[in-house]
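Engineer: Below are the chains, spelled out letter by letter.
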Amino acid sequence: MATTTPTTPTKVQLKVGQRLRRQEDPRLITGTATYVDDIKKPGTLYAAILRSPHAAARIQALRTEAAAQAPGVHAVFTGADVEGVGPVPCAAALPGLRVPKHTILATNRVYYVGHPVAVVVASDRYLAADALDLIEVDYDPTTAVADPEKALAAGAPAVHPEWPDNIAFTQNTVYGDPNKAFAAADVVVKQRIVSQRLIPTAMETRGVVAEWSPGDKQLTIYSSTQIPHLLRTQLAIMLGLPENHLRVITPEVGGGFGSKLNVYAEEALVGFVSMRVNKPIKWIEGRREAFQVTIHGRGHVDYVEMAAKKDGTITGMKIKIIQDLGAYHQLLGPLIPTLSVLMLPGLYNFHDAEANVFGVFTNAAPTDAYRGAGRPEATHCVERIVDILAAKLKMDPTEIRRKNFPAKDAFPFTTATGLAYDSGDYAKPLDKAMQIVDYRALRARQAEARKQGRLMGVGISTYGEICAFGPSPATPAGGWESATVKVEPTGKVTVMTGASPHGQGQETSFAQLAADAFGVPMDDVVVLHGDTAVVQYGIGTFGSRGTAVGGTAVHLALQDLRAKCTKFAAHAMGVSPDEVSFEGGIFTSPKTAKTVTFQEVALEAYVCRNLPPGVEPGLLVTRFFEPSNFAFPFGAHIAVVEVDRDTGEIRIERYVAVDDCGKVINPLLVDGQVHGGVAQALGQAIFEEAVYDEYGNLVTGELMTYAIPKAHHVPEIETERTETPSPVNPLGVKGVGEAGTIGCSPALVNAVVDALAPLGVTHIDMPMTPQKVWRLIQERSQA
Amino acid sequence: MIPQSFEYSAPESVSEALRLLGSVENSRVLAGGQSLIPMMKLRLSGPAHVIDLGRIAELHYIAQTNGSVRLGAMSTHNQVAVSETLRRSCPLLAEVAGRIGDPQVRNLGTIGGSTAHADPAADYPAALQALRAQIRLVGAGRERTVSAEDFFLDAFTTALGEGEIVYEVIVPADAPGLGSAYVKLQQPASGFAVAGVAAQVAVSGGQISVARVGITGVGAKSYVAQAVENALTGRPATAATLAAASRLAAQGVEALNDLYAQADYRTHLAEVATRRALEQALALAR
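Chains as they are written, first to last, in the working numbering: chain G, 1 to 783; chain A, 784 to 1069.
Hints in this document: simulated from the structure, not taken from any laboratory.
It cannot be assumed that every hint is accurate.
Said to hold, decoys possible - Keeping only pairs whose Cα atoms sit at most 20 Å apart, straight-line, the calculated SDA-like set for lysine to any residue is:
| hint | chain 1 | residue 1 | chain 2 | residue 2 |
| --- | --- | --- | --- | --- |
| 1 | A | Lys824 | G | Leu28 |
| 2 | G | Lys408 | A | Ala938 |
| 3 | A | Lys824 | G | Lys772 |
| 4 | G | Lys710 | A | Ala972 |
| 5 | G | Lys710 | A | Gln970 |
| 6 | G | Lys594 | A | Ser973 |
| 7 | A | Lys824 | G | Glu702 |
| 8 | G | Lys772 | A | Ala972 |
| 9 | A | Lys824 | G | His351 |
| 10 | G | Lys40 | G | Asp25 |
| 11 | G | Lys408 | G | Pro471 |
| 12 | G | Lys320 | A | Ala1046 |
| 13 | A | Lys824 | G | Lys710 |
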């Protein structure tokens, strides 16, 4: 390797911290990305799934002969045919949890509308759909219950006949001495708070292509998932295949939001069918199907109580959580409300609390992780009840919050529920948000508006969250993440991450890390993910963990590789590695005034003409990062709204989000995550609700009736940040994928309640539809 | 979301379309497809034969002729929304067209298709009722013209007979001084009107001389709000007159009732939207 004399060093601008556009975007916005439905294998057959129209019924008879003989149909399979396939897994190991046997097709009963009953395989998707109509099923409908509180009532129909009380599990947790705290309190406030059932509505519905290769007994599954490796392990178990005979490929994923953090019946079913008919099989979920059977989120009825001194010091909290679990457990469902319990104290310094969780079966789609997963519900409860307390004590909502924040030098701060918050300065984002909106002037303007009879409101939310999941002992299937970094002989850098980004932008942020580590342009870096044959094992992308855990693994691998490169460079320059400095892609030995470029090192590491003693050829490192703790982002959101008295419509005049997600690698990505999160929480706050009727029919079963926010519904979101590094990982990052969703809904609801406060309104449940708001105004105006 | 199989024809003349319509069992006319295609994909509609009017050049026009504007049935919502002729002579219709659905829908959906479909919450019917539009229908060897008021019979039910298609919509050009407005309170999921009110107002000597109000989304069919018009005409052009008249917006109408807006709320919204539309129209009247 040749060494050269240094030229004048130019100051290198690092990529980390820069607002760089996403590497992913050109293919996404030009329509050249490959999603599951774009996978076209020669000879593919198409699967269509017959689903139950009843929420609860016995299957008396099932006749598939006519369908099997329909034009183009290759095969029909029913529950009896798939008995050998293992159940859909639930990874929640809660004590005493009742786990219904979740077969991939119904056998003798159906438990919710959409329950898969049979699968037809035909030469095209039209013929498959036509053949579904020829399957005859004799159902004997039984009484259904789709409301979790009704399901708990005496005499309610049993969702699973073996468990007549409809209770899947209960969990009672007591922290400190809450009864004493409540007995000693000057004031206690109580509120029933609903975090309604939501439909995640990823733009791309789920889809699976399975290709069985009979010669080498290899099954390849293409699936729109957030967890390719975990899916592979679980499918191997379900299908009875050796895990190394199964490859999962995740092409582009058009949105997940937790709904693809799962192992679904269809993923195993399509694999099973491919193995049985020896053909590639494609199944693409329809939108109505997605609404009925892909997991739903939230589904809480919470009874919240807060105890305080009359000066506003919070002394205790109690909550009863009724979690609507739906008919079955999916991968993590029952665990989600336990996250709500952990998150219960929010950002507040008190130590006595009690939580009672009731996980309830209903004849409805399973609930599971949806953006925020348990934390939005908890945050909504604590941020609402704090506002109710402030109103009762006639305190300003910002003052009561400030009073109860732990001091900024109190970190790590141990919460009532035993979490160790890693780092924080909770007043800082609140101060910043208040400054942005000019809080005092805003309140003065509100007083003026009220004099004119206008319903203007200001809502505060100071949220915290648990993210960067997480230490392995605290997670059901490993909480670490892995990375392999390979420097190619030409000096190009390939990063293979076990995280499975699907819109978060880690192809860009991880490339920023790699670009800085080796002083190469962004375009010299490729980030690979989502193929179990390419990437070492990994956990996946969810729980705002991609960068904090996955990025850290990348960082560690980069550090190791840089160290190895330094050995090569030092050897070439005839100095020891500690005499070498590196900047902008050039290794320099100040002592000998020699330099060698990163690209020269890369080539030497493979051609090995002058291998340093004790150093192996090649530049490839795999690292696994096990975090010692979660990370705990926080922030302050302020919403300014005006309610239209005539129609009940809510106009969002201003929305300010000041988030602290630790160190920021790419501000553009962080802003994007906050925007998306806020939009989704706004959907929950104002528009969205999965409504089942008394028969268990999903009334909001399509996008014509289930309103997700559209561009014109979303106000300008003013984002700002404070930056408190996390000590949990060397990058100092926390996570931001869910922050907007967690912080926003209470800010909006608090703002609307504040707007309606002159009418005596103290609470409103989501979604705050115009009709609901209007009725509240009517009631209160007459009262 | 996969339709049943069907035959497809794309005739290039009205006469050929009518011939197909008359000769093929269970055929449906496709005029943009923004309602028909979703219904077929949901298997709520399963025609054996779809006759696409998209290639019939003679149905594409927006033309002014002595005192009225004629719109060929295949004029897209977007063409109506941006039409200079309409902006000048009948801005209400352009305004309403621009509020339909989203850009994708507006570039494919047509005035003839929407009119023939008669969705009780569609936008056009309110405007056509307010404007006292005429709808020209053609069948094999026959044609007739029906007023908008007589055309919309019930939800998804019109005066269109067997073998007939909507050929054109004829709206009168605005008299000088007429102010018009469309106020739509919409279902956020579908974008359809929960209460959509198209209003035209003219004032003479401080009195309301012309008042025309068409309402959609409230009842099973769009309607002319006769009681509102009566309560305005000849009365002083004041806020009090408008408010009093608006209270009659849903008089005699059995309001639709759904999850998003129950009947009482919908009735109330009809009043609010009517008042707002009248206020805006009055502000534009000269």
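Engineer: Need the list of violated hint numbers for this structure, in ascending order.
Structural biologist: As far as the earlier hints go, 1, 2, 3, 6, 9, 10, 11, 12 and 13 are violated by this structure, in ascending order.
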